[in-house]
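2 protein chains.
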Amino acid sequence: MTELLPPGVPDAPGARTGHAPVAIDGSTRLFAVLGDPVAQVRAPALLNPLFAGLGLNAVLFPVRVPAGRLADVVHGLHGIANLDGLLVTVPHKFAAGRLAARRSRAAELIGGVNALRRGPDGAWEGDNFDGAGFVRGLRRAGYDPTGWRAALAGAGGAGAAIAVALLDAGVAHLSVWDPDPGRLDALTGRLARHWPGRVTGAAEPLLTGADLAVNATPLGLRPGDPLPFRPAALPPGALVADVVMTPADTALLRVAAGVGLRTHRGSHMLEAQLELYQDFFGLHPTPRTRRG
Amino acid sequence: MTELLPPGVPDAPGARTGHAPVAIDGSTRLFAVLGDPVAQVRAPALLNPLFAGLGLNAVLFPVRVPAGRLADVVHGLHGIANLDGLLVTVPHKFAAGRLAARRSRAAELIGGVNALRRGPDGAWEGDNFDGAGFVRGLRRAGYDPTGWRAALAGAGGAGAAIAVALLDAGVAHLSVWDPDPGRLDALTGRLARHWPGRVTGAAEPLLTGADLAVNATPLGLRPGDPLPFRPAALPPGALVADVVMTPADTALLRVAAGVGLRTHRGSHMLEAQLELYQDFFGLHPTPRTRRG
Numbered sequence: 007m008t009e010l011l012p013p014g015v016p017d018a019p020g021a022r023t024g025h026a027p028v029a030i031d032g033s034t035r036l037f038a039v040l041g042d043p044v045a046q047v048r049a050p051a052l053l054n055p056l057f058a059g060l061g062l063n064a065v066l067f068p069v070r071v072p073a074g075r076l077a078d079v080v081h082g083l084h085g086i087a088n089l090d091g092l093l094v095t096v097p098h099k100f101a102a103g104r105l106a107a108r109r110s111r112a113a114e115l116i117g118g119v120n121a122l123r124r125g126p127d128g129a130w131e132g133d134n135f136d137g138a139g140f141v142r143g144l145r146r147a148g149y150d151p152t153g154w155r156a157a158l159a160g161a162g163g164a165g166a167a168i169a170v171a172l173l174d175a176g177v178a179h180l181s182v183w184d185p186d187p188g189r190l191d192a193l194t195g196r197l198a199r200h201w202p203g204r205v206t207g208a209a210e211p212l213l214t215g216a217d218l219a220v221n222a223t224p225l226g227l228r229p230g231d232p233l234p235f236r237p238a239a240l241p242p243g244a245l246v247a248d249v250v251m252t253p254a255d256t257a258l259l260r261v262a263a264g265v266g267l268r269t270h271r272g273s274h275m276l277e278a279q280l281e282l283y284q285d286f287f288g289l290h291p292t293p294r295t296r297r298g
Numbered sequence: 007m008t009e010l011l012p013p014g015v016p017d018a019p020g021a022r023t024g025h026a027p028v029a030i031d032g033s034t035r036l037f038a039v040l041g042d043p044v045a046q047v048r049a050p051a052l053l054n055p056l057f058a059g060l061g062l063n064a065v066l067f068p069v070r071v072p073a074g075r076l077a078d079v080v081h082g083l084h085g086i087a088n089l090d091g092l093l094v095t096v097p098h099k100f101a102a103g104r105l106a107a108r109r110s111r112a113a114e115l116i117g118g119v120n121a122l123r124r125g126p127d128g129a130w131e132g133d134n135f136d137g138a139g140f141v142r143g144l145r146r147a148g149y150d151p152t153g154w155r156a157a158l159a160g161a162g163g164a165g166a167a168i169a170v171a172l173l174d175a176g177v178a179h180l181s182v183w184d185p186d187p188g189r190l191d192a193l194t195g196r197l198a199r200h201w202p203g204r205v206t207g208a209a210e211p212l213l214t215g216a217d218l219a220v221n222a223t224p225l226g227l228r229p230g231d232p233l234p235f236r237p238a239a240l241p242p243g244a245l246v247a248d249v250v251m252t253p254a255d256t257a258l259l260r261v262a263a264g265v266g267l268r269t270h271r272g273s274h275m276l277e278a279q280l281e282l283y284q285d286f287f288g289l290h291p292t293p294r295t296r297r298g
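Going line by line, the protein sequences match chains A and B.
Just so you know, the working numbering puts 66 at position 60 of the first sequence, and the rest follows in order with no gaps.
Just so you know, the working numbering puts 228 at position 222 of the second sequence, and the rest follows in order with no gaps.
A hint or two may mislead.
[Unchecked claim] Beta-carbon label-pair distances, calculated as ranges:
#, chain 1, residue 1, chain 2, residue 2, range
1, B, 45, A, 126, 15 to 25 angstroms
2, B, 243, A, 291, 52 to 62 angstroms
3, A, 268, B, 127, 55 to 65 angstroms
[As the list claims (entries may be wrong)] Below, a sample of chain A positions facing chain B; criterion: calculated Cβ distance under 8 angstroms:
#, residue
4, 31
5, 34
6, 46
7, 47
8, 65
9, 68
10, 69
11, 72
12, 78
13, 81
14, 86
15, 88
Think of the hints as simulated: they come from the structure by calculation, not from any bench.
No experiment lies behind these values; they were computed from the predicted model shown.
Beta carbons are placed, not taken as given, at the ideal position from N, Cα and C, and that holds for glycine.
Could you put the whole structure together from the sequences, leaning on the hints where they help?
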């Protein structure tokens with residue numbers, strides 16, 4: 007899967023394919039990624055090489071849609087017979103979830119979707135692979151979080167998804183911290199109803215005794231950002247994971263490694279998500295027929 | 007312009023670029039071609055290399071939309087902030103014209119649009135370049151139809167567009183023939199109101215005395231098709247033009263050349279239309295910035 011990563015995504019040293027070009031003709035199947043803004047999205051640079059590698063005549067393009075037009079645009083896109091799927095990013099994950107005819111259990115618990123496909127009956131089904139990608143990425147790297155005590159910084163979209171996936175994966179306890187008390191309470195309340203006794207909202211990251219500490223805040227994207235938590239407060243042997251992908255070695259991961267902790271980069275989550283998209287959309291290798 | 011033509015388009019011997027690949031990222035501007043079916047459309051293979059050649063970060067993709075969903079899809083596409091234009095083909099040209107906020111005079115006379123763009127005020131404007139492309143193609147090949155007597159076979163979408171453009175270009179007289187009397191009368195009635203005394207509907211192609219005879223029927227696409235008219239009935243020096251592009255040398259053009267007449271291939275119209283699209287959508291050469 008690493009050969010699909012674009013420039014700037016770490017852990018893919020041999021594979022700077024980036025904006026691998028795609029060929030389009032009248033038979034091309036369509037996928038779109040919806041956001042606003044959308045210039046920053048990585049999905050076209052990740053999925054188009056994936057399609058090409060699988061021999062699929064398919065293309066994913068970016069769709070910038072203002073929030074007020076989302077329902078119209080989604081309704082219109084659903085009317086396109088050769089459009090097979092949508093990815094959804096900020097700020098549309100919650101609204102797109104409400105527009106789906108069906109949502110996965112994970113999407114219901116997270117409160118939003120990041121992928122929609124046409125179901126067997128033609129109705130659109132939404133799912134959310136942010137958290138499942140994180141957990142799959144952990145397992146791919148050799149870590150099984152079952153029974154772990156986990157600390158999570160960030161109760162936004164990525165945090166909510168990772169929280170649900172970690173609880174689903176069987177962590178013994180999850181503490182969640184977020185600077186916004188309202189957002190934190192809403193998420194921990196929802197999680198605690200589903201997993202009573204296993205979730206705590208914390209006024210500050212609870213690191214003592216944690217096997218895993220995850221940064222799901224944007225802290226680390228900019229050079230001057232403070233650390234989301236202090237790795238030194240974690241016990242020896244703990245794993246520190248970051249969802250920030252740029253830079254590959256965030257300040258958090260550098261500090262964690264400096265005090266002897268194990269670290270886990272954001273790119274693991276992204277790679278695993280690509281596999282999950284591939285399954286969700288039914289993207290299987292196909293001998294590409296000659297087109298002309 | 008010939009270097010933009012795909013395999014199968016004649017008159018572009020050095021330029022089998024075809025499905026030249028395009029690179030897509032989050033900043034890519036969008037164009038779509040709407041039809042049903044859409045697998046046969048040449049627009050992606052023609053426009054995507056044009057975008058690339060101009061250094062534009064833009065892509066055109068095919069959209070198959072059933073007639074009953076056209077209004078929803080067009081409304082939805084209009085809500086996409088990075089979508090700049092639509093091309094329209096069978097069977098949507100007439101309905102798409104009705105969905106446009108404004109239509110060019112040519113589109114009004116033809117009765118349908120094949121291109122829509124976002125106007126300066128955000129409203130969508132429709133135009134139709136089928137006929138204008140034909141006349142520009144004639145002129146590019148050295149023929150000025152002003153003052154000519156023209157005979158046209160076919161009163162469908164292409165025929166109506168060519169009729170309007172030839173009359174606009176100042177032909178002295180145009181006779182139109184079509185196997186469907188209702189369709190023929192509707193078109194010639196509309197044209198005669200606008201250009202009184204210069205248009206005749208004919209029960210069979212009127213070739214005597216014609217300077218130009220145009221095939222705008224699909225006859226010639228299939229090997230066993232009868233000729234749309236008999237070139238031998240034309241006067242010496244007449245020009246025979248075909249809108250059929252595959253094969254490049256249709257039976258009509260071969261027979262016309264065989265009796266010493268001048269001939270004009272369908273590809274001339276297509277090449278000229280590409281130039282008109284370029285003007286309409288404001289596609290100007292741009293140094294493509296490095297994206298990543």
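Evaluation of the provided hints:
1. Under the hint 15 to 25 angstroms, the C-beta atoms of residue 45 of chain B and residue 126 of chain A, about 23 angstroms apart, fit the expected range.
2. A hinted range of 52 to 62 angstroms holds for the C-beta pair residue 243 of chain B and residue 291 of chain A, which are about 59 angstroms apart.
3. Here the CB-CB span from residue 268 of chain A to residue 127 of chain B is close to 58 angstroms, well matched to the stated 55 to 65 angstroms.
4. For residue 31 of chain A, the shortest C-beta to C-beta distance to chain B is roughly 5 angstroms, which falls under 8 angstroms, so the interface hint holds.
5. Given the 8 angstroms rule on beta carbons, the hint for residue 34 of chain A holds: about 6 angstroms separates it from the nearest Cβ of chain B.
6. A cut of 8 angstroms between beta carbons decides the hint on residue 46 of chain A: the least distance to chain B is about 6 angstroms, and the hint holds.
7. Of the supplied interface hints, the one on residue 47 of chain A holds, with its beta-carbon coming within about 4 angstroms of a beta-carbon of chain B, less than 8 angstroms.
8. Satisfaction of the interface hint for residue 65 of chain A is found here, the shortest Cβ-Cβ separation to chain B being roughly 6 angstroms, below the 8 angstroms cut-off.
9. The interface hint given for residue 68 of chain A is met, as the beta carbon of that residue sits about 5 angstroms from the closest beta carbon of chain B, less than 8 angstroms.
10. Given the 8 angstroms rule on beta carbons, the hint for residue 69 of chain A holds: about 5 angstroms separates it from the nearest Cβ of chain B.
11. Given hint, residue 72 of chain A at the interface with chain B, holds; its Cβ is 6 angstroms from that chain's nearest Cβ, closer than 8 angstroms.
12. Residue-level restraint check for residue 78 of chain A holds (minimum Cβ-Cβ distance to chain B is 5 angstroms; threshold 8 angstroms).
13. A hinted interface residue such as residue 81 of chain A counts as satisfied when its beta carbon comes closer than 8 angstroms to some beta carbon of chain B; here the least separation is about 6 angstroms, so the hint holds.
14. Taking 8 angstroms as the C-beta cut-off, the interface hint given for residue 86 of chain A holds, the closest approach to chain B being about 5 angstroms.
15. Look at residue 88 of chain A: its Cβ gets to within about 5 angstroms of chain B, closer than 8 angstroms, so that hint holds up.
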